[in-house]
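Chemist: Now for the letters of each chain:
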Amino acid sequence: MGSGIGLEGAITSISRGGYGCISSDFQKVMVNTRKGKGLVEELRRVQKRAKSDAYKRLLNTMIENIISNTDIVKTLKNQGGREEEKRTEKVEKYIEELSGLPETLLSIGMISPIILAILAITPQMMAGAGDIMPLPDADAVGSIVNGGLFFTVVMMAMIGLKAHTKDPGL
Amino acid sequence: MIFYFFEVLNDHPLMLLLLNVGLAGLGGALPPIIERTRRRGLENSLPEVLEGLSDSIGAGQGLQQAIMKVSESRSDLFGKLLRETLDVSAVTSFDAALADFAMKTRSKQIQRVINLLSTAEENDAPIQEILFRSSLEYEKLNDLVNKRENDLMGQAILIILFISVGLPALIAFIVGLFAPESSGYAVDEVNSAMVHFFGAASGVAVLVSGRMLGRAKDYLWLIPLWMFASMAVYKFGYIMII
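If you read the protein sequences in the order shown, they are chains A and B. Okay, so the first sequence: first residue is 1 according to this note's numbering, each after it adds one. Okay, so the second sequence: first residue is 1001 according to this note's numbering, each after it adds one.
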């Protein structure tokens, strides 16, 4: 837009691809616009469905530009700068949050099998102590060990899930 | 020793299956690694190329001349592709050659820049300023991508080695030392449960490591081989201890 093309031209350029879901959204906007729907109406439809605040702000700026002819280039530059700062912060926070992940996974992955392995051989180790104290059934112990190991894997997956949920999307 | 290894494997069809699937999966795992290395090499060169183009255009040259100058000064893949672009532009239009260059790089980052350049050129926009601003922006972006890669790569490798190799070796040592079969312990069921546990834990570890680096899909190919490695370390570790 800084080189002089209009908003519609810029939307068309982005709708050609390469910008992820924004490209597909803009493609739908242009298709519907060519069918006779208003550009503002279409951008509002996309804005309603958008989940990201930054994307909503971008669409709002575009709508305001069409309605009130505001200085869109300057506003978009400011928005871009702000989002860039946020992205840098997000990446740094992500790296920091994942710094203890190997140790956490190893701790859980190590403690649980050690305890469960000892538990599994307890009935054999204490076979002679059956007269003094009641010993658990070997099948029941086997079920506990298998269940415990399964639970450990699930726990590891849950801990590792934060690598996915907190991804900065870079 | 090798025959014994195969004999043990023969008794564990799951491990045998994972080994075969894992070895076949290497064929799928290597191309994305090679492709990524190539693409990141091009993307890391992009800010320098854009700055060079900006300087040349600032010195009064046209875009085509600027590309020629930059391509001559570079001996890397970027320079080679730019030289090919100039050759293509001799038999077709310059815009078509640029589009062909963007396609060949297979990088979204470069394709966006080329799209921007074509639009700017069509509209007689100040290309030098656009190129210079783009070079700064892409330098920042690449620094961030590289920072993520460098900082998390060590941790991703650590997770895989800890969970897939270190942990099974340690547990095999403990179980083998304190509950050897030679002392009358019936540990077949425990060992079977542990082997499956380490396989699953290794799969989770590889997937988490891949996700940390933003390459979960590429790492999927490596999961069977690491699962096998983890199971084998436990199984053979235990046999070696007893």
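Keep in mind that the hints were calculated from the coordinates and are not lab data. Don't take every hint at face value.
[Claimed, not checked] Straight-line C-alpha distance at most 30 Å; calculated DSSO-like pairs for lysine-lysine: (1) B:1108 with B:1217; (2) A:86 with B:1108; (3) A:166 with B:1217; (4) A:56 with B:1140; (5) B:1080 with A:86; (6) A:51 with B:1147; (7) A:28 with B:1104; (8) A:74 with B:1108; (9) A:162 with B:1108.
Chemist: When the structure is checked against the list of hints, which entries are broken? Sort them ascending.
Modeler: 5
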